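Peer 1: Chains A and B are the protein sequences, given in the same order.
Each residue of the first sequence is one higher than the one before, starting from 524 at the first, in this note's numbering.
Each residue of the second sequence is one higher than the one before, starting from 199 at the first, in this note's numbering.
It is possible that part of the hints are untrue.
Some chain B residues close to chain A (C-beta under 10 angstroms, calculated; not the full set) [said to hold, decoys possible]:
| no. | residue |
| --- | --- |
| 1 | Ser208 |
| 2 | Tyr212 |
| 3 | Val253 |
| 4 | Gly260 |
Okay, derived cross-link-like pairs now, DSSO-like style, lysine-lysine, Cα gap no bigger than 27 angstroms in a straight line [stated by the list, open to error]:
| no. | chain 1 | residue 1 | chain 2 | residue 2 |
| --- | --- | --- | --- | --- |
| 5 | B | Lys268 | A | Lys541 |
| 6 | B | Lys231 | A | Lys671 |
| 7 | B | Lys231 | A | Lys678 |
| 8 | A | Lys616 | B | Lys231 |
| 9 | A | Lys615 | B | Lys231 |
| 10 | B | Lys231 | A | Lys541 |
| 11 | B | Lys210 | A | Lys643 |
| 12 | B | Lys231 | A | Lys643 |
| 13 | A | Lys615 | A | Lys641 |
| 14 | A | Lys678 | A | Lys688 |
These are computed hints drawn from the structure, not numbers from a lab.
Here the structure is a predicted model, which means the values were calculated and not measured.
The beta-carbon is built from N, C-alpha and C at its ideal position, and this holds for glycine as well.
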Amino acid sequence: MHRTGELYGQFQTLEQQKESATLGMWTFLITEILFFGGMFLAYTINRHAYPTAFGVGGNMLDLNLGFANTIVLIASSFTMAMSVWSAQTSRKKAIPVWLLATLILGSVFLGIKVVEYKQKFDHHLIPGHNFDIAYCSNNPSVCGLSGKALEDERKEIAEAVEAEKANAEQLNISQPGAAGITAVNAHAQLYFSLYFGMTGLHALHMIIGAGLLIWLIYESFKGRFDANYNTPVENIGLYWHFVDIVWIFLFPLLYLINRHLA
Amino acid sequence: MAEHSEHIVSPKIYASVLAALLVGTALTVQAAKIDLGPWNIVLALTIAVTKMTLVILFFMHGKYSSRRTKLIIVSGFFWLAIMLALTLADYGTRHAEPSRSFLTPAPSIGRPGVPRLSL
Chain A
524 MHRTGELYGQ FQTLEQQKES ATLGMWTFLI TEILFFGGMF LAYTINRHAY PTAFGVGGNM
584 LDLNLGFANT IVLIASSFTM AMSVWSAQTS RKKAIPVWLL ATLILGSVFL GIKVVEYKQK
644 FDHHLIPGHN FDIAYCSNNP SVCGLSGKAL EDERKEIAEA VEAEKANAEQ LNISQPGAAG
704 ITAVNAHAQL YFSLYFGMTG LHALHMIIGA GLLIWLIYES FKGRFDANYN TPVENIGLYW
764 HFVDIVWIFL FPLLYLINRH LA
Chain B
199 MAEHSEHIVS PKIYASVLAA LLVGTALTVQ AAKIDLGPWN IVLALTIAVT KMTLVILFFM
259 HGKYSSRRTK LIIVSGFFWL AIMLALTLAD YGTRHAEPSR SFLTPAPSIG RPGVPRLSL
């Protein structure tokens, strides 16, 4: 692995050697597509089953932070692509600079994610015993909620309660807790479980990516990569772009779908 | 040492893709604020798929990769489509017992007392 740019015995040309590395990376990435695909599938089914509760949950996410994170991550994909270009054109000094930019943008993304998670913790939106979808509308000062936003949130929760009631009646379910705010809480918890599961898995991929970037920065600083040998830069680039693609789908699905109701 | 025949994508293309992705992001946020009924999700996913295609074709060099690699990329989405289609078909046609999902109950159609699920 560290004998850079050499032709291994099992390959005929360097080109063939490089192509099999690309092919292998893509094979790994399609397993990742299916890995995340399973979560998107769970999300689709549950969103379809509980549209109102999911709508309420989605509108409780911070759109500005989610939007900022999308911009940051797209920018980091660009800097990653530029580091691949620097390697391919043997601009050895530029490689670690672009990689460092990517690492910084990736860290900003994770930092914003931490702020968001903390906010959800403060707003009692972590699934579990203390989950309370109405916490903010009942304690608006804690959440900094006022005016029209507060009214909208109260209205939305009231509507979700009605929808759950109608749903329970329609399906002839009469157990206590099957309708009303209990049901909204149950189904909104489903939304937040998926939110934390999906964004958490995505963040884990970012953390792994950041670790790989640190290694790349170290290696490229030593001048290990150039036009002849840049497979690690290119393949970690593919990984990074893949993680970007996952977020390109997470952002609209989690943050945006019910915005027009708010 | 063998000559490389790899295609090097120019920074100009990367910058254009970056611009397109940023425009797409702004667009999807604005579109979400308009009430289009069921078309909100369609529009959001269309923009997301477009952005993904740009990333795969240019940032990930999909456009310039070998046919073998292209086949692998397409097969990934093919398997994903199988997983989504078959699972949703199952959920959409199953007669649920107590599961309250998939709404639109039509007791006259399903087994007595058991609502029929429909997607």
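Peer 1: If a hint holds in the structure, say so; if it does not, say that too.
Peer 2: The hints, checked one at a time:
no.	hint	verdict
1	Ser208	holds (8 angstroms)
2	Tyr212	holds (5 angstroms)
3	Val253	holds (5 angstroms)
4	Gly260	holds (9 angstroms)
5	Lys268(B) / Lys541(A)	holds (15 angstroms)
6	Lys231(B) / Lys671(A)	holds (16 angstroms)
7	Lys231(B) / Lys678(A)	holds (18 angstroms)
8	Lys616(A) / Lys231(B)	violated (45 angstroms)
9	Lys615(A) / Lys231(B)	violated (45 angstroms)
10	Lys231(B) / Lys541(A)	violated (46 angstroms)
11	Lys210(B) / Lys643(A)	violated (40 angstroms)
12	Lys231(B) / Lys643(A)	holds (23 angstroms)
13	Lys615(A) / Lys641(A)	violated (40 angstroms)
14	Lys678(A) / Lys688(A)	holds (15 angstroms)
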